[in-house]
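Asks: The hints should help you fit chain B onto chain A, whose structure is shown.
The listed protein sequences derive, respectively, from chains A and B. Just so you know, we're using the working numbering here: the first sequence kicks off at 75 and counts up by one. Just so you know, we're using the working numbering here: the second sequence kicks off at 75 and counts up by one.
Calculated directly from the structure, the hints in this document are not laboratory data. Worth double-checking, as some hints may not be accurate.
Identical copies go unnamed one by one, so any copy, or any two together, can satisfy a pair.
Claimed, not checked - With a straight-line Cα cutoff of 20 Å, these simulated DMTMM-like cross-link-like pairs (lysine to aspartate or glutamate) come out:
{"#": "1", "residue 1": "K194", "residue 2": "E104"}
{"#": "2", "residue 1": "K194", "residue 2": "E184"}
{"#": "3", "residue 1": "K509", "residue 2": "E173"}
{"#": "4", "residue 1": "K123", "residue 2": "D169"}
{"#": "5", "residue 1": "K428", "residue 2": "E329"}
{"#": "6", "residue 1": "K219", "residue 2": "D157"}
{"#": "7", "residue 1": "K323", "residue 2": "D291"}
{"#": "8", "residue 1": "K219", "residue 2": "E359"}
{"#": "9", "residue 1": "K123", "residue 2": "E316"}
{"#": "10", "residue 1": "K427", "residue 2": "D190"}
{"#": "11", "residue 1": "K109", "residue 2": "E474"}
{"#": "12", "residue 1": "K123", "residue 2": "E258"}
Number of protein chains: 2
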Amino acid sequence: MLKHVGVVALSGSVILSLGCASANPPLSAEQSDPKVMGWMQGFPPAVDKRVMQPDSNFFSFPKLRWSVCHMRELLPTANVARDPMQASALTYALDDGIESITYTPMGASETLTWQDFLAKNYTDGLLIMHKGQVVYEYTTGCLDKHGKHAAMSMTKSMTGLLAQILVAEGALDENALVSSVIPELEGSGFGDATVRQVMDMTTAIQFSENYADPNADIWTYSRAASPLPKPEGYTGPNGYFEYLPTVQKNGEHGEAFGYRTVNSDVLGWLIARASGQPVHQLLSERIWQPMGAAYDAYMNVDALGTPFAGGGLSANLYDLGRVGQLMLAQGQLGETDVFPREVAQAIAAGGDKKAFAKVGYTTLPGGSYKSMWWVFHNANGAYAARGVHGQTIYIDPTAEMVIVRFASFPQAGNAAIDPTSLPAYQAIADYLVAK
Amino acid sequence: MLKHVGVVALSGSVILSLGCASANPPLSAEQSDPKVMGWMQGFPPAVDKRVMQPDSNFFSFPKLRWSVCHMRELLPTANVARDPMQASALTYALDDGIESITYTPMGASETLTWQDFLAKNYTDGLLIMHKGQVVYEYTTGCLDKHGKHAAMSMTKSMTGLLAQILVAEGALDENALVSSVIPELEGSGFGDATVRQVMDMTTAIQFSENYADPNADIWTYSRAASPLPKPEGYTGPNGYFEYLPTVQKNGEHGEAFGYRTVNSDVLGWLIARASGQPVHQLLSERIWQPMGAAYDAYMNVDALGTPFAGGGLSANLYDLGRVGQLMLAQGQLGETDVFPREVAQAIAAGGDKKAFAKVGYTTLPGGSYKSMWWVFHNANGAYAARGVHGQTIYIDPTAEMVIVRFASFPQAGNAAIDPTSLPAYQAIADYLVAK
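This is chain A alone, in the form it adopts within the complex (with noise of 0.2 Å):
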């Protein structure tokens, strides 16, 4: 399967990437422009320029720099509806000076200036907002200021919020055991986790993420939520409802933070089961409508038409912006209160920092999982929703900034990815503060 840079493991709706070293160095930011690789242009594209089921890997640098803009038309999706006649504005106090921003990468010594930035980082959308307003957009490569781009694990953190603001209302109780909610779950490891370890990630499971082990368990998750026919004699599980309880359990829950996509299907499992409402029309209901999103967004489906709570939402730079920006006012909205203020502030708070140093990241030291955000600890109290290949909508409470970035960086880790973009996001604020 490891074939080349940015290889993926991508069957149906689910994507996780793997990044690994290549003997070669990628193409550039510019070089890999879906424009400039000619993908998908004519009627019909020229066959060496096609980005399709099933033959071709879409999901694999530099073909995802296309398809990144384009899940729907490769996959079945579920509609996250705005409110057709709402959309909340957004006021400008555009800041020519944020391009004049230079900053050091992570264990580097040369500077890099804003271009490097958005190049270094195969960004394909930037925006930033200061107390409320945009002062910079962006867009390039695939992505326009209408389009859509793939959040990949930022949508763990809307479905992570779903369930905080659940919580806060009662109608989910984060000290319950998830079996008490689902049932059929019993069985497997998520049993006896309660919904605040699967919130939090720190249920221990058996989910082998080996990508070169052809039995590891991310393939059997891949095909069972792969919404595509399955293959002739095939017996597997098919659809997250068939494959999370079959899931075992690996240590004691609680104990150290585990970044397993599997945990943010079960909870959209959980959030639907407390709420009668799939995850998708949950976050229309909840976040898309009230807040009022510009543009719809969607989900990628499983055969069965669940929402990939894990990883399959594709949205609008600008709506992710209105996300960040109601992160940020904890849940106010001019008059309105989308939800409870102790949502956002028990998200920005953070989780358990000791279970989370047992991963090591390099990138994050002294960090935390809530919730399915990212709280960093740092002095200005950022916390973000992170997906591979560069995603983030980065909150800063004492900068009061919102950024929101997609790229389609060659490799899917962050870690790759974090060095050339989290001191630039603390460039930035602290060049706003001192504004």
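Replies: Same frame as chain A, but now just chain B:
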């Protein structure tokens, strides 16, 4: 394949249905309401209540009554974007008197009530506009005010409208040979047809829709158009661009009307070549955005992402009302010309009645087909977009009336639905004229 009433030849994105008589009467509208049937309720839905790919025939009655509102969850799609910042207002002048309308079906003696009209046609949504105002609205079953419903072959009328616009603007020559616009079609049956013959479906091509014959063209077409991975060993065409050049000629173009969906897909190709935009994008830019649609629409696609110009659209009831009103107003929306007046005038004037009469449709005597719209040539000058299972946008210039109906009638062919539908539309027109 012929297992039960409403059996459908649906393979991937090609939606083609066959109405056939049944020994037993089908479930009534009330009995087959998807909520009553309990399709896809719960997390997960009960095994016998699932509507999914590929093992359940999701487009057969009564499952189709759920599926018509959920096409995107079953298949890949392309977005037809609205203008996010601008929905045109619909004004209301609701008229309770409409529910007292009675009428006599074709070839019948009994009088039907309004409730009969709704129920006997398995109505999912009904919108009536008079002099530009909404006078009646109704949704049930899988549809609500915000939902989207499969438009079926009404898609053709959108494709035809776009083509007529390009013709009016001089971007597409209706007298040109197809092969002059699409050289790839030179060796096919379409090569020496004119663009106008394609638009009016007077091409003479070999295309068997004999569903009982496993070698019929319709099956080859269906397999080609499916966006799902092809079966192992499949060597046939993949997608519209590969299938259409294989269609052969059979007779002389221009002599007889022949309702063959492949014409619409050739027309989709023609307008994509002429405009440089895929059909879904052209529909967005030329109709959905300028008319102030309140909702995005979407189109099913083939494996190459090509939208199904002959039947792939799903749209909101009120947005199709906006389309109908725009046709009635000959392209005028307030002070704006969305398209030139001659576009709607050309369509309303109708096509070749002699060519049409050769088909012998008993419910459409004296009619014609122009730019993929059905023209009744009745006293009121009515014309319509029509789709299987009861879909219509019915435009009556004399009564200044637009009716949009979504339905999920057990049988596909409108010949079975027209007797209880067309006289009702006329009765509504008479009522509104007499007001």
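Asks: Could you tell me which of the numbered hints above are not met by this structure, giving the numbers in increasing order?
Replies: 4, 10 and 11
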